[in-house]
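Using the sequences and the hints given, assemble the complete structure.
Chains as they are written, first to last, in the working numbering: chain A, 1 to 340; chain B, 1001 to 1294.
The reader is advised that the hints may include incorrect statements.
[Unchecked claim] Listed next, the in silico DSS-like pairs over lysine-lysine satisfying Cα-Cα at most 27 Å (straight line):
| no. | chain 1 | residue 1 | chain 2 | residue 2 |
| --- | --- | --- | --- | --- |
| 1 | A | Lys255 | A | Lys93 |
| 2 | A | Lys93 | A | Lys164 |
| 3 | A | Lys147 | A | Lys255 |
| 4 | A | Lys93 | A | Lys147 |
| 5 | B | Lys1092 | A | Lys225 |
| 6 | A | Lys255 | B | Lys1122 |
Just so you know, these hints were derived from the structure itself, not from any lab.
Here the structure is a predicted model, which is why all the values come from computation and not from measurement.
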Amino acid sequence: MTQSDATMTAQAGGRRLLAGTSAPLYWAAVGVLALAGMLITDSYVQHVLILCFLWCMVAAAWDLTLGYAGIFNYAQIALFAAGAYATAMLTLKFGVPPVAAIIAATAITAVLGLAIALPCLRLQGEYVALFTFAIHLAMPPLIQLAKGLGTGGTMGLMGVPPIKFFGLTFGPLNKIGWYYLALTAAAISVYVIYYVVLRSRTGRAFVALRDSANFARSLGINEFKYKLLAFVLSALVTGFAGALYAHYTSVVTPKILGNEFILLAIVMLAIGGIGRFPGAVLGAFVVTILNELLRDAGTYRLLILGILVVLTLLLLPQGLASIWERVSRRKHKARTKLKE
Amino acid sequence: MTQFLEVIFGGIAQAAAYSIIAVGLSLVYGTARTLNFAHGALYTTGAYISWILTVGYLGLPLWLAVLVLIPILFGIGVAIETLMLRPLRGGKNWRVTAMMVTLGLAFVLDNANLILFGAVAKPMPAFIEGTVSIFGVTVSAYRVAVLIIALIIVALLEVFLNRTRFGWAVRAVAQDIQGARQVGIDVNRIFAFTFGLSVVLTGMAGLLLSPIFLISPQGGWEPFLKAFVIVVLGGLGSTRGAIAAAFFLGMVEAMVVYQLGASWTMPVWLVTLLLVLMIRPQGLLGKGQSEAAG
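Okay, structure coming up:
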């Protein structure tokens, strides 16, 4: 990428990369989902959509670091697990009320994100990828070693209590309650990431750093500060999603760190497209639903998902979002031709 | 004391095999600038293929199995490079996409192995039985063989890289892709060749280590991570550095396992990785790699 390209990205970045959806359209989509919540009565469909909402948060937060800030962060599921474990341990071992535990778990994950980001940001490129992935790989044995602290070891933790506030109880059976809770959490998180943070000066700095780090630095953008911010914010949202997930399923086991979850998250970004809103969010919906449809495939499910990652990246390197862009570019071309 | 020395020797023998995996990883990372996340899964795949060739189904003698195994592994490597990585190279954000493709491939291989061979680890008999006594320390003859074979493989690789024209071309690409292209080196051919060679190396390590560790579908991640730490510590593209780093880290691991138990292995490697990266944050390439190659 040349410097003039980078200037263009830096200037137009916020607008062009997010051109996919305007804020009113976004809230309209959220509104449609809110209305749909009243019409859906099948508890399985509700369950799948709740999972979609929670995964949206994870995918959007990952997109922030990997797609926009250009940090090769592969500790995403590790952070998700940290949020889930933090809230489970706080409620079960220390008797903290669920709402306070979720807030604390979110904060703990953000601090953990900071702790991971600090050494990472001194590293370059693939070394970041490897270090963060090593954290992911080291987590199950660490959970096992820390069994004495109340992590539950390989068995995990069961009976994470339901969330209670304003006299409402969000138990595993209160699907309609969870539907709106997860929708609200996801809608706000996604809005904050894509519309508030990425459209601000901060977001443009992320993109400029990703596309031409040297040039961005020469403009006086503090690389360390911005990347740290991206990482911590991403960890915060991920930890929040993890904590909600723990209370929703009421069970937290090291299975979170197994093949399935990280593979799902990768497929979401691969299918949706990295660094192109609404790619990752759409990817979260498509993949969560696909994963449920593949339940019957048993052991073949993860193999199919893996093949899907490879194929989408090869055939559609920029994900579903690129189809959208290709269509709009063709329209644009046709329009300019007409003018001529 | 003798028990301690035995543990240390075991660690060194394993580390020698790790250094082969590390050299393979560093060859690809050094030339094609791709971090191959499937390297560990390919290690496991190599072990499974050799299991099929020997005790599993075909019952071939070891020398014949190795002769069959090498071209298979090389073919797999060339196929991955030409079909999966070459189309991505040069595209937008290709370094992230390339990493994700190899990560996707790793999960494909892991799950394919799981479906084909089951979750229960496959045992592989040691090719050499018995024990050898060195300076009063008794060690299994197999570990001594692993150490010697690994050293021979690394030595052969060193000769290849330093004494043959093709080896020079590989090193030229590793130093400067543009420059290599200008002097008429077919860069894509070098990428394909080094990837093939790298899969041969990791697969051979899979064969060597399977009698020690058993073969399981997810068993490749640990060697992959260890290989990377070795690469970072020993220096990218330096086979001798990889050997030295592998021996040092192998001894550290052996001592930790001896003192604290095997469950500490991964955390210890993680801490080692962290320390190594803190001391040499750029890795050992020195210059701004992400800018130069991106």
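Hints and how they fare:
Taken as a hint, the Lys255(A) and Lys93(A) pair is honoured in the structure, with Cα atoms around 20 Å apart against an allowance of 27 Å. Restraint check for Lys93(A) and Lys164(A): satisfied, since their Cα atoms lie roughly 18 Å apart, inside the 27 Å limit. About 15 Å separates the Cα atoms of Lys147(A) and Lys255(A), which keeps this hinted pair within 27 Å; it holds. Restraint check for Lys93(A) and Lys147(A): the C-alpha separation of about 12 Å stays at or below 27 Å, so the hint holds.
For the proposed pair Lys1092(B) and Lys225(A), the alpha carbon gap of about 25 Å is at most 27 Å, so the pair holds. About 23 Å separates the Cα atoms of Lys255(A) and Lys1122(B), which keeps this hinted pair within 27 Å; it holds.
Going through the hint list in order, the structure satisfies each hint without exception.
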